[in-house]
Amino acid sequence: MRRHTRRIYNLCYRFTSNRHESEDLTQDVFLRVYRTLGSYRSAHGGFATWMTSVTRNLLIDHYRRTKRDRLTDSLEDALPKLEEKESAGRRPDQAALAGELSEQVQRALGKISPDLREAVILRDLQGLEYREIQEVLGVPEGTVKSRINRGRIELARLLEQMGVRPE
Amino acid sequence: MAWTCEQIESRLSEYLDHLLGAAERHEFEAHAAGCARCTELVGRVGKLVGEMHRFEPLEVPPRLVSNILEQTLGKRAEKKGWRAWLGWLRPIAQPRFAYGAVTVFVTTIVLSQALGFQIRKISKENLKPANIYRAADRRAHLVYARSSKFFSDLRVVYEIQSRLRPEAEPQAAPEQQPAPNQRPGQSEGQPTRPRGLNRANNHNFTLLASMLDAVPVRSMR
Numbered sequence: 001m002r003r004h005t006r007r008i009y010n011l012c013y014r015f016t017s018n019r020h021e022s023e024d025l026t027q028d029v030f031l032r033v034y035r036t037l038g039s040y041r042s043a044h045g046g047f048a049t050w051m052t053s054v055t056r057n058l059l060i061d062h063y064r065r066t067k068r069d070r071l072t073d074s075l076e077d078a079l080p081k082l083e084e085k086e087s088a089g090r091r092p093d094q095a096a097l098a099g100e101l102s103e104q105v106q107r108a109l110g111k112i113s114p115d116l117r118e119a120v121i122l123r124d125l126q127g128l129e130y131r132e133i134q135e136v137l138g139v140p141e142g143t144v145k146s147r148i149n150r151g152r153i154e155l156a157r158l159l160e161q162m163g164v165r166p167e
Numbered sequence: 001m002a003w004t005c006e007q008i009e010s011r012l013s014e015y016l017d018h019l020l021g022a023a024e025r026h027e028f029e030a031h032a033a034g035c036a037r038c039t040e041l042v043g044r045v046g047k048l049v050g051e052m053h054r055f056e057p058l059e060v061p062p063r064l065v066s067n068i069l070e071q072t073l074g075k076r077a078e079k080k081g082w083r084a085w086l087g088w089l090r091p092i093a094q095p096r097f098a099y100g101a102v103t104v105f106v107t108t109i110v111l112s113q114a115l116g117f118q119i120r121k122i123s124k125e126n127l128k129p130a131n132i133y134r135a136a137d138r139r140a141h142l143v144y145a146r147s148s149k150f151f152s153d154l155r156v157v158y159e160i161q162s163r164l165r166p167e168a169e170p171q172a173a174p175e176q177q178p179a180p181n182q183r184p185g186q187s188e189g190q191p192t193r194p195r196g197l198n199r200a201n202n203h204n205f206t207l208l209a210s211m212l213d214a215v216p217v218r219s220m221r
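Chains as they are written, first to last, in our numbering: chain A, 1 to 167; chain B, 1 to 221.
Isolated chain B (complex conformation):
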């Protein structure tokens, strides 16, 4: 059965608040779509409700909360002596403030170290922007020079190591039965020698000597 305008008006808020079932909602919308008066009513009230839901709550007067606390819990006992003197410290004696202060302090120390300030020898001249810039620039160049020197040294060491390494590892020979009179580690047909001596032969020493002649002497740190 189709809904009447009176039904639409009486169930309007239930429709707006999504309290109607699917069938009722369908009937509601079917009527509203074909009735100009109901369409206008639904639109007008719907917009008003939407606007009211968006209203910001008013701020309470500043003294209201303290008045309520005074009326319910009574007046706060006034502090005397050194507690009264230190009362102003209460807002800053909070963990949040302490964290912030420590962070600022550490950041200052790190920055001053990076800029080359020495806290004990700091003077008014050091705080001039031009001097700060100069110190920062000098520090940055110093760091760059040290870094490039370090990498250069590292490269030399790596080159020496790679030259000293045997060029090609010999293919693993098929496992052979050792001769009855051969000791473990002794190669066939050669006299027994310490294993370490095999790695640095005369050829490698010659190569190292030629490289050291070619590379300028640097201090390796």
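The following block holds chain A by itself, in its conformation from the complex:
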């Protein structure tokens, strides 16, 4: 339970970059999993993969729901506010990110398209295999490879623009 909670919470946080939204989304994921547990078939893949699919669907729903808000308030304007908010009152989870590459990557992740973002998060931050990502996203293998590749290159380019060079 705790292991799954941590994994789902991290997935939500990496996708949304918002702690409160991640908490709410994690709760929603478990609620949905609890209600639809009867529909899970082990033949369709592992439980963790199925749970990740549920999370991904909720994240996409959440992304679409909040798209209008984001259009009125562009990401470039929102980032400084986010930085101020984070530096004003740091909690342990934020402190772990503070001053590290992880924080810079988190910011860069917020700038790339959701398709590329979810592919990179699932591969490099959640450690899923290509086949599992294919199951979660429901797209062909070639698309998975392409999204991961483009996502990584885009992320590296953004980090370079931000003046960050991984050692």
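Check the hints yourself; a few may be wrong.
[What the hints assert, rightly or not] Cut-off 25 Å, straight-line C-alpha distance, at most; resulting in silico cross-link-like pairs (SDA-like, lysine to any residue):
| id | chain 1 | residue 1 | chain 2 | residue 2 |
| --- | --- | --- | --- | --- |
| 1 | B | K47 | A | L128 |
| 2 | B | K47 | A | G163 |
| 3 | A | K111 | B | E56 |
| 4 | B | K47 | A | Q27 |
| 5 | B | K75 | A | Q27 |
| 6 | B | K47 | A | I153 |
| 7 | A | K111 | B | K75 |
In short, the hints are calculated from the structure, not lab data.
Starting from the structure of chain A, add chain B where the hints point.
The following block gives chain B in isolation, referenced to the frame of chain A:
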């Protein structure tokens, strides 16, 4: 056919994730080695991927798990009466805690016995460090004295036994046919005597007497 920079860029993640075959990998590396732009790209993205794989997952907020449990399974029924009073015992009423407690208890008993404490007669004075040290020192000396006495006694017994043993076992004589009128066990030319008497002759008794005079009398325990 040599790879182009576009091919390198499009297959970069497959290279980093070891999904290329041996031939493709060779082509990839051959191009990257001779192209500064591709070398830089591979190095930059490779380092980023390596770093991301090392990121520690974030800790979940403390209330999140309990909130999820409440939302899915409902609130836990509050305990009433004596169960509520004994609720604080739950964390310590675990097998692991019981094992630990028993181990500590046994260790305490063994140590107190080794230090010479008597649980029933223990007083505040016994718990002073100086007294504990004195008791331990006394106990250690006592154990040492008893051990050395025991080994000394053991040595005396061993010496006596070795002196009483015949000095050299006689060579086994060639097997002879017994005389027609000789009984089994009877030696030739000697009258029949009990076998036990052969082992302790007068010479051995004299030796034992001289040793007992030489060795101080000790109690053998």
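Results of checking the hints against the structure:
1. A C-alpha spacing of about 19 Å is found between K47 (chain B) and L128 (chain A), which places the hinted pair at or below 25 Å, so the restraint holds.
2. Restraint check for K47 (chain B) and G163 (chain A): the C-alpha separation of about 15 Å stays at or below 25 Å, so the hint holds.
3. For a cut-off of 25 Å, the pair hint linking K111 (chain A) to E56 (chain B) stands: about 22 Å separates their Cα positions.
4. Our distance criterion of 25 Å between C-alpha atoms is broken by K47 (chain B) and Q27 (chain A), whose separation comes to about 34 Å.
5. At most 25 Å may separate the alpha-carbon atoms for a hinted pair to count; K75 (chain B) and Q27 (chain A) meet this at roughly 15 Å.
6. Proximity of K47 (chain B) to I153 (chain A) is assessed by CA-CA distance (about 12 Å); at most 25 Å being required, the pair is judged to hold.
7. A C-alpha spacing of about 40 Å is found between K111 (chain A) and K75 (chain B), which places the hinted pair above 25 Å, so the restraint is violated.
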